[in-house]
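Counting in our numbering, the sequence shown runs from 6 upward without gaps.
Treat the hints with care, since some could be wrong.
Stated by the list, open to error - Derived Cβ-Cβ restraints for the label pairs, each shown as a range:
hint : residue 1 : residue 2 : range
1    : Lys105    : Ala26     : 30 to 38 Å
2    : Lys83     : Ala26     : 31 to 39 Å
3    : Glu129    : Thr58     : 18 to 26 Å
4    : Asp36     : Gly68     : 15 to 23 Å
5    : Asp10     : Lys65     : 22 to 30 Å
6    : Gly100    : His61     : 14 to 22 Å
7    : Thr94     : Glu34     : 19 to 27 Å
8    : Lys106    : Gly37     : 15 to 23 Å
9    : Lys35     : Pro132    : 30 to 38 Å
10   : Gly68     : Pro97     : 16 to 24 Å
Said to hold, decoys possible - For lysine to aspartate or glutamate, the following EDC-like pairs were computed, each having C-alpha atoms within a straight-line distance of at most 20 Å:
hint : residue 1 : residue 2
11   : Lys133    : Asp53
12   : Lys32     : Glu66
13   : Lys133    : Asp27
14   : Lys105    : Asp77
15   : Lys32     : Asp59
Worth flagging that the hints you see were computed from the coordinates, not collected in a lab.
A quick note: this is a predicted structure, and the numbers were derived from the prediction, not measured.
All C-beta atoms, glycine included, are put in the ideal place defined by N, C-alpha and C.
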Amino acid sequence: MTQGDGTKENPWQLKTPPGTADYTMYKAEKDGNDILMCTVGKTVLQYDYRCLTDLHTMLKEHGDWMELGAADEQKPAKDGTVEAWGRSTENPVGGWYGLKKGLRGRFGMYVPPLMEALGLAEVEHNPKNNRMRAI
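Based on the provided sequences and hints, a complete structural model is requested.
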C-alpha cells in the first residue's frame, strides 16, 4: 500500500510500474470538476478523476491483462493498451483523460499505480512492457 491519503497536504506517494521514478498524486477540484494532480519532479500533470472508475469498469469488461503502453502526448499510443484507451474517442469522455495540453499523455504510466494502491487493479512491475488488470 502507498503512503498518503490523497489530499494536497498528504498526497499519495507512488512509484512508476518499473519502480524507476517516484511521484505524487492527489484529488483536487478545477472548474467545479474533480481532477487528479500528478507531480513528477517539477512537472505537474492533470487527469480527469473519473478515469479511475471508467478505467476500472473497462478493465472488468476486458476481463484479462492489458498492456499499459505509456507514451507522451506527442507520440502515438500502441493499439490495445491502457494508454490508447485513455485518449480514445471511444472511451466514456470521448477523448483524453489528461487535461493539460502538451502533458495529456503518460496516462498508462501514472494512473495504474494509483489504481493498484486503491485496491482496484493489479499492476506488473517489470523493467518494461507492464500490464494491469482489474480486481
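Hint check:
For the hinted restraint 30 to 38 Å between Lys105 and Ala26, the CB-CB distance of approximately 18 Å leaves it violated. For Lys83 and Ala26, the hinted distance range of 31 to 39 Å is not satisfied, since their beta carbons lie about 20 Å from each other. With their beta carbons about 22 Å apart, Glu129 and Thr58 fall inside the hinted range of 18 to 26 Å. In this structure the hint that Asp36 and Gly68 lie 15 to 23 Å apart at CB is violated, the actual value being about 35 Å.
Between Asp10 and Lys65 the beta carbons are some 25 Å apart, a value that agrees with the proposed interval 22 to 30 Å. Checking the proposed 14 to 22 Å range against Gly100 and His61 shows it holds: the Cβ atoms sit about 19 Å from each other. A C-beta distance of roughly 26 Å is found between Thr94 and Glu34, which places it inside the suggested range of 19 to 27 Å. Here the CB-CB span from Lys106 to Gly37 is close to 19 Å, well matched to the stated 15 to 23 Å.
A hinted range of 30 to 38 Å for the beta carbons of Lys35 and Pro132 is consistent with their spacing of about 35 Å. At about 18 Å, the CB distance of Gly68 to Pro97 agrees with the hint of 16 to 24 Å. For the suggested pair Lys133 and Asp53, the alpha carbons sit about 26 Å apart, so the restraint of at most 20 Å is broken. Proximity of Lys32 to Glu66 is assessed by CA-CA distance (about 26 Å); at most 20 Å being required, the pair is judged violated.
Taking the CA atoms of Lys133 and Asp27, the gap is about 16 Å. The hint holds against a cut of 20 Å. At roughly 12 Å between alpha-carbon atoms, Lys105 and Asp77 fall within 20 Å of each other, so this suggested pair holds. The hinted pair formed by Lys32 and Asp59 meets the criterion: a straight-line CA distance of about 16 Å does not exceed 20 Å.
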